[in-house]
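Colleague: Whenever a hint applies, use it, and build me the whole structure from the sequences.
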Amino acid sequence: MENPESEMSEQTLTSITDDGFGNESERVRMCDEQQKEEWKHEDSSRNSTCPSADREGGISSIIPTSEKAAAQKGERLERQKKNCSFFPTLEQPGRLNDTGEKPFQCSECEKWFSTRTWLKNHIRIHTGEKPFQCSECEKWFRTKAELKRHERTHTGEKPFQCSECEKWLSTKAELKRHERTHTGEKPFQCSECDKSFTSKSHLKQHGRTHTREKPFQCSECEKWFSTKAKLKLHERTHTGEKPFQCSECDKCFRRKVNLETHHMTHTGEKPFQCSECEKWFSTKGNVKIHERTHTGEKPFQCSECDKSFTYKSNLKQHGRTHTREKPFQCSECEKWFSTSTVLNNHKRIHTGEKPFQCSECEKWFRTKGKVKLHERTHTGEKPFQCSDCEKWFSTKAELKLHQRTHTGEKPFQYSECETWLRTKSELKNHKRIHTGEKPFQCSECEKWFRTKGDIKLHERTHTGKKPFQCSECDKWFGTKVNLECHKTTHTGEKPYVFLM
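If you want my numbering, it's the 1-based position in the sequence shown plus 569.
It cannot be assumed that every hint is accurate.
To be verified - Okay, derived cross-link-like pairs now, SDA-like style, lysine to any residue, Cα gap no bigger than 20 Å in a straight line:
#	residue 1	residue 2
1	1034	1022
2	848	835
3	932	921
4	1007	995
5	853	824
6	799	776
7	811	821
8	1034	1007
9	853	880
10	937	921
11	867	889
12	797	694
13	895	917
14	699	687
15	937	951
16	1021	1002
17	881	794
18	755	772
19	965	948
20	727	743
21	799	908
22	932	949
23	923	911
24	727	745
25	876	898
26	853	840
27	979	995
Worth flagging that the hints you see were computed from the coordinates, not collected in a lab. Since this is a predicted model, take the numbers as computed values, not measurements.
Modeller: Structure below.
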């Protein structure tokens, strides 16, 4: 394959070098000779026996000391240009970059560069040309330097060491960015909100939070992302790729940070402490999130209904209640779910897995949430209070259901008979009246029932269990309804009126 770089350099420099000389060094040599001759005629002192004048080798060998200093500031080039105007290369201001000048301009975007090489590398952004190929993975790069940096991902080479913590980095730029974690320096400031960042790329990414720009699109679902890294992470939800594996338990993760956090479950390390309750956490992010339970802060607000959330993930999940989006599918029953967590919990219905155990009665549960709710039956904790009747409940769901007794709200309608129900489970149970379905069977007498509650009540006829006790006379009852009826014998209340 012909090297595109050599081809480009020939095209780019044709107008500069097509002057009858073989190469630039030949032109410079000729110019030196001509300059030497002219200076000799101009000033007889050039023929003096001064050692600096006796040495051969071009302009630099015959310039007096004072002029050598001037030459360092670019005056040497000006002399050459005046006396060698017929040498086109010397007219190019490419040798002035030590003065901070940027004489080379891109014809596409009008950006200026200090060297011709940098301009040439930049032009490839516009042309899309990538002439340098990695011998390992055959990936192409714009510059030799980019290729060299990339090759270190294969070799694992990290030649740059931090003097503070002795950590090794693969590039100078990475080292410089890393050193800012020690110095606290954040030289890149956002012009919108004055927030500062350790690197230009982080500032650029942050800037998109103001502009809402999302230039990176997923080829699978056409979703847009603000950074390449976010797109790459997202693509793993389609491919199922989990490239980061735990060396302890072989569990795999989509993100490196998740692996590092997971490692702490093996080491037990929790280096971050809450300043309020002195609880320890494995990550800084977890501490920050936890602190919101003290401050009550809910920084993530839904644009649809103005509801606020403590966590970004909760806002994202909530957003799907508006869009009805359910991107996660169960491979067993093909049911769709709004979050990967809900999907994973659902999968345990198929596998029968119950990884969470109650510390009191050693009962096992499918989810962390369920074991937490169950533990309240031991502690008697009821953290949720009704604002109408001040009754307390052990779960938010119970409180929400109870509040409908005050509001009369029945949001679930059965399409066959247009009956409205308070809960999803009530709707499900009601449907069975129409279908005749009775999915719950008694293990003693093999009788079938419509609901879990019905079978539970029935089973007490076999066990003789009476869990409801009267506080007045200590009498026990098999159902709550029977207990409530019995209580009227103490109160004298007659809730049921017989009509003639």
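Colleague: Work down the list of hints and note, for each, if the structure agrees.
Modeller: Hints and how they fare:
Pair hint residue 1034 plus residue 1022 holds up; C-alpha atoms about 15 Å apart against a cutoff of 20 Å. With a C-alpha separation of about 19 Å, the suggested pairing of residue 848 with residue 835 holds against the 20 Å cut-off. The straight-line distance between the Cα atoms of residue 932 and residue 921 is roughly 14 Å, inside the 20 Å bound, and the hint therefore holds. Pair hint residue 1007 plus residue 995 holds up; C-alpha atoms about 15 Å apart against a cutoff of 20 Å.
For the suggested pair residue 853 and residue 824, the alpha carbons sit about 17 Å apart, so the restraint of at most 20 Å is met. At most 20 Å may separate the alpha-carbon atoms for a hinted pair to count; residue 799 and residue 776 meet this at roughly 15 Å. Note on residue 811 and residue 821: the hinted pairing holds, with a Cα-Cα distance of about 5 Å set against a maximum of 20 Å. For the suggested pair residue 1034 and residue 1007, the alpha carbons sit about 23 Å apart, so the restraint of at most 20 Å is broken.
Proximity of residue 853 to residue 880 is assessed by CA-CA distance (about 14 Å); at most 20 Å being required, the pair is judged to hold. Proposed proximity of residue 937 and residue 921 is supported: the alpha carbons are some 15 Å apart, at most 20 Å. Straight-line distance between C-alpha atoms of residue 867 and residue 889 comes to about 19 Å, which keeps the hinted pair within the 20 Å bound. With a C-alpha separation of about 17 Å, the suggested pairing of residue 797 with residue 694 holds against the 20 Å cut-off.
Note on residue 895 and residue 917: the hinted pairing holds, with a Cα-Cα distance of about 19 Å set against a maximum of 20 Å. With a CA separation close to 15 Å, the supplied pair residue 699 and residue 687 stays within the 20 Å bound. For the given pair, residue 937 sits about 18 Å from residue 951 by alpha-carbon distance, which is consistent with the 20 Å threshold. Proposed proximity of residue 1021 and residue 1002 is supported: the alpha carbons are some 14 Å apart, at most 20 Å.
Between residue 881 and residue 794 the alpha-carbon distance is near 16 Å, which keeps this suggested pair within the 20 Å criterion. Among the hinted pairs, residue 755 with residue 772 is consistent with the structure: their alpha-carbon atoms are about 10 Å apart, no more than 20 Å. Our distance criterion of 20 Å between C-alpha atoms is met by residue 965 and residue 948, whose separation comes to about 17 Å. As the CA atoms of residue 727 and residue 743 are separated by approximately 10 Å, the hinted pair is consistent with the 20 Å bound.
The hinted pair formed by residue 799 and residue 908 meets the criterion: a straight-line CA distance of about 18 Å does not exceed 20 Å. Between residue 932 and residue 949 the CA atoms are separated by roughly 17 Å; this keeps the pair inside 20 Å, and the hint holds. Our distance criterion of 20 Å between C-alpha atoms is met by residue 923 and residue 911, whose separation comes to about 15 Å. A distance of roughly 14 Å separates the Cα atoms of residue 727 and residue 745; the hinted pair therefore holds under the 20 Å criterion.
For the hint linking residue 876 to residue 898, the alpha-carbon distance of about 27 Å lies beyond 20 Å, and the restraint is violated. Pair hint residue 853 plus residue 840 holds up; C-alpha atoms about 8 Å apart against a cutoff of 20 Å. With a C-alpha separation of about 10 Å, the suggested pair residue 979 and residue 995 falls inside the 20 Å cut-off, and the hint holds.
Violated hints, listed in ascending order, are 8, 25; each of the other numbered hints is respected by the structure.
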